[in-house]
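So the sequences go chain by chain: E and G.
Sequential numbering of the first sequence, starting at 2, is according to the numbering used here.
Sequential numbering of the second sequence, starting at 11, is according to the numbering used here.
In case anyone wonders, no lab produced these hints; they're calculated from the structure.
A few of these clues could be false.
Stated by the list, open to error - Far from chain E, some chain G residues (derived; all Cβ distances over 10 angstroms):
no. : residue
1   : 133
2   : 245
3   : 359
4   : 391
To be verified - Calculated lysine to any residue pairs in the SDA-like style (CA-CA distance at most 25 angstroms, straight line):
no. : chain 1 : residue 1 : chain 2 : residue 2
5   : G       : 310       : E       : 426
6   : G       : 310       : G       : 326
7   : G       : 410       : G       : 159
8   : G       : 352       : E       : 37
9   : E       : 259       : G       : 50
10  : E       : 259       : G       : 334
11  : G       : 352       : G       : 405
12  : G       : 352       : E       : 23
13  : G       : 410       : G       : 345
14  : G       : 310       : E       : 40
15  : G       : 410       : E       : 419
16  : G       : 352       : E       : 426
17  : G       : 310       : E       : 243
18  : G       : 410       : G       : 334
19  : E       : 259       : G       : 28
20  : E       : 353       : G       : 50
21  : E       : 353       : E       : 419
22  : G       : 352       : E       : 428
23  : E       : 85        : G       : 50
24  : E       : 259       : G       : 76
25  : E       : 353       : G       : 345
26  : G       : 352       : E       : 261
27  : G       : 310       : E       : 43
28  : E       : 259       : G       : 326
29  : G       : 352       : E       : 267
30  : E       : 353       : E       : 428
31  : G       : 352       : E       : 43
Quantities reported herein were computed from a predicted structural model and do not represent experimental measurements.
The beta-carbon is built from N, C-alpha and C at its ideal position, and this holds for glycine as well.
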Amino acid sequence: MAVHPETAAFVRHDQLPPQDPPASEVGPMHWIRANLFSSIGHGAMTLIALYCIYALLAAVVPWIWNGVWEADSIRQCREILDGKRGACFAVLTERWPQLLFGNYPAEHYDRASLAFVLLFVALAPVLFFDLPRKLLWFTGLFPFIAYWLIWGGSIWVPVLALAGVVLGFFVYRALADRSFFGAIIAGIAATLFFAIVMLGPVAGVLTSVLNISLDPVESRQIGGFMINFILGTTCIALSLPLGIALALGRQSNLPIIKTICVVFIEFIRGVPLITLLFVASVMLAYFLPPGSNFDLILRVIIMITLFAAAYMAEAIRGGLSALPTGQYEAGASLGLDYWQSMRLIILPQALKISIPSIVNIAIGLFKDTTLVSIISMFDVLGMIGGPILSSTEWFGVYWELLGAAAVMFFIFCYGISQYSQYLERKLATDRR
Amino acid sequence: MSTLSEPPKQSFHLGMLLNDTRYRGYTFQLIALLALVALFGWMVSNAIANLAALGQDINFGFLSDQAGYDINQQLIPFESTDTHMRAAIVGVLNTLLIAILGCILATIIGVLVGVLRLSSNWLVARLMSVYVEIFRNVPVLIWILIVFNVMANALPSPSAFRGDEPEASMLFGAFAFTNSGVYVPLPLWLEGSGIVVGVFFASLAAIWGLRRYARHLLYSEGRVIPVLPIGLALFFIPTLLAFFVLGRPIALEYPEMGRFNFQNGIQVRGSFIALWLALSLYTGAFIAENVRGAIQSVSKGQTEAAASLGLRPGRIMSLVVLPQALRVMIPPNISQYLNLTKNSSLAAAVGYMDITGTLGGVTLNQTGRSFEAILLLMAFYLAISLAISGIMNLYNNSVKLKER
């Protein structure tokens, strides 16, 4: 029934202005009620959480705030603190180079720092695809430059090693049209042959002709955070191709190859890294020809690379098996052979799928490089537990040192995991 | 123009071994096998030559020699006059102890944190994310050392408990937290304690039977019986009854302050506690991520469907969401349990005598038999890894989605 002015006493023609929402539904009060005190249980949890945060901050903040940055020894720290609770960060200011470089000769710190900075220049084009691709040339050269900067010695050793790699590349290029796999094998064989047979004598001759060299540094002098970085980057870089090969082997339909790969992967994944490091430090020497003397760092790099490769292989296998069979069949129907379809169709997609797990393995590997302190290598933890804590000046300064090591690892590992999330978003081409 | 009625007969020739896809696989496999055999042969011959040069041999006889060292934490009696073999077994038991307790605590922490991270309480969720990120991004070895130093420096020394007005006091008069470890009461099994334990296990069996019966009633007649109160009654009443009727056959021996140190009770070493807590907190952070991912993977429609059937929130979680989330979280958690077990070999850093500390540590250094010790060590870890993944895979198969 329609409402008429004649029948109704009052009819409103204009709309009332909306009222403000109740005070409990807007502003910070509403947010606090909705997110912190929505029920009695949530309120109790919030209070407990607040108390935990308070207790933690009450313990840590004064400790850091009262921290002493300038002192010669822990006794002097205590004198300055005069009974107050506070950190003795002086150990960090005083021993910072040791934490970073170990027993590396102090006059050559700039060489190691330069290598560290160049590492990021070399990594940049690998990590960020928008950068000019020409920078990848520098990435290729970086291992040789870094070796020369860190270990020193004659420049001809890394130059000839580079020449060996170039030789291998040309062998590969010459044969690549006939058989991809054969060309790869031949290229690696040529490089290895050059490195083992030619490198030593030729480098000796060239050095006697033109001697450009840096002061050599022995491997056992290298230590601190530097060793974690050397091990981490080298082993991740080397384990990726090995892991791809193992994953392909495990997926292959050739029974013997498959068995070899499965046994290798499961064996490595079944034992702790520390036993493999024991192998590197005491057992590997037995398996090499009598008289040969491998550097401990090299032996550790070999074992960690094998360890990481088994985990990489599992990550990549996950990516391979996530691809629909249609992709394999599409490759075959185009007339591509096994290696062509792998290179052009399967692996690009499979690697993209497995990026998150590969990055997780990389983070885990970087963290695991601290284990070398147990086989008495002086990485950052080895330096803390060995020379620094056992010195008379700094006996008993655990917190500051372990905290600093933890913060350093946190920065890098958290950074890598954030990068991985950025990369995932960037590569998510299928659901944009 | 001629037509081909049948394919040309091909005779086998050597080139086909490389160029024919039917035979090429065999050639490659043969080459790979020969290369592997050659590599192994080369390594073994090197090893023989090296060992001969050092005048050593491969001999596991050292296991029956006298060990000559003490082990500070032992589950079975061990004297320094016992053999290396027994030392290794003590180490194995210590590894298993830390692995099992660590997996249990890590699961509890992980599930709790994983669920709380999804809480609608902003502060709690943030706090849990901070915990997860901090623990996941710092090496476990650093955590072990930090927790060990907390134990060693922040707790009072046993002497603080001494005297008439001690600086520190024991918790409930039964637990003493000192910098050399935690002292807990030792249960004494007096005569008749076996019956109490038997009654306890019988009541556990009865609870299991009750749950089965309740489920049977629910599915066949649709009746719901109160399982929880009956179960709780079954859990406590018979055991307590037996305990008091038999005249308290299980007693606790409390740790007491002696002249220099605590006597009686059990001393749980600081190294054990540090390793246990650090491994559990570290692995718990990873498990929390698995739990969170698994709960998020259950689609919201499932929760809504359950709610539209009239289920209460608690039952939605326990009957609909968790069983489905469990299925997703088990495989990644298996690998976390394996990681925890393998990481327990870092005990060496704090001096906890697990298998790496006994067989791979003192025994190896004393006898110089690095070859044999490391082989045994690897074999043990390999066996335990395969056993854990085998058991967990059985469990995984039992909760897996059963498709027709």
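Comparing the hints with the structure gives:
no.: 1; hint: 133; in the structure: 5 angstroms, violated
no.: 2; hint: 245; in the structure: 26 angstroms, holds
no.: 3; hint: 359; in the structure: 6 angstroms, violated
no.: 4; hint: 391; in the structure: 5 angstroms, violated
no.: 5; hint: 310/G - 426/E; in the structure: 24 angstroms, holds
no.: 6; hint: 310/G - 326/G; in the structure: 11 angstroms, holds
no.: 7; hint: 410/G - 159/G; in the structure: 43 angstroms, violated
no.: 8; hint: 352/G - 37/E; in the structure: 40 angstroms, violated
no.: 9; hint: 259/E - 50/G; in the structure: 18 angstroms, holds
no.: 10; hint: 259/E - 334/G; in the structure: 34 angstroms, violated
no.: 11; hint: 352/G - 405/G; in the structure: 21 angstroms, holds
no.: 12; hint: 352/G - 23/E; in the structure: 58 angstroms, violated
no.: 13; hint: 410/G - 345/G; in the structure: 17 angstroms, holds
no.: 14; hint: 310/G - 40/E; in the structure: 23 angstroms, holds
no.: 15; hint: 410/G - 419/E; in the structure: 33 angstroms, violated
no.: 16; hint: 352/G - 426/E; in the structure: 33 angstroms, violated
no.: 17; hint: 310/G - 243/E; in the structure: 41 angstroms, violated
no.: 18; hint: 410/G - 334/G; in the structure: 9 angstroms, holds
no.: 19; hint: 259/E - 28/G; in the structure: 20 angstroms, holds
no.: 20; hint: 353/E - 50/G; in the structure: 35 angstroms, violated
no.: 21; hint: 353/E - 419/E; in the structure: 17 angstroms, holds
no.: 22; hint: 352/G - 428/E; in the structure: 34 angstroms, violated
no.: 23; hint: 85/E - 50/G; in the structure: 63 angstroms, violated
no.: 24; hint: 259/E - 76/G; in the structure: 44 angstroms, violated
no.: 25; hint: 353/E - 345/G; in the structure: 23 angstroms, holds
no.: 26; hint: 352/G - 261/E; in the structure: 23 angstroms, holds
no.: 27; hint: 310/G - 43/E; in the structure: 22 angstroms, holds
no.: 28; hint: 259/E - 326/G; in the structure: 45 angstroms, violated
no.: 29; hint: 352/G - 267/E; in the structure: 14 angstroms, holds
no.: 30; hint: 353/E - 428/E; in the structure: 7 angstroms, holds
no.: 31; hint: 352/G - 43/E; in the structure: 38 angstroms, violated
Hint compliance for this structure: hints 1, 3, 4, 7, 8, 10, 12, 15, 16, 17, 20, 22, 23, 24, 28 and 31 are broken, all remaining hints hold.
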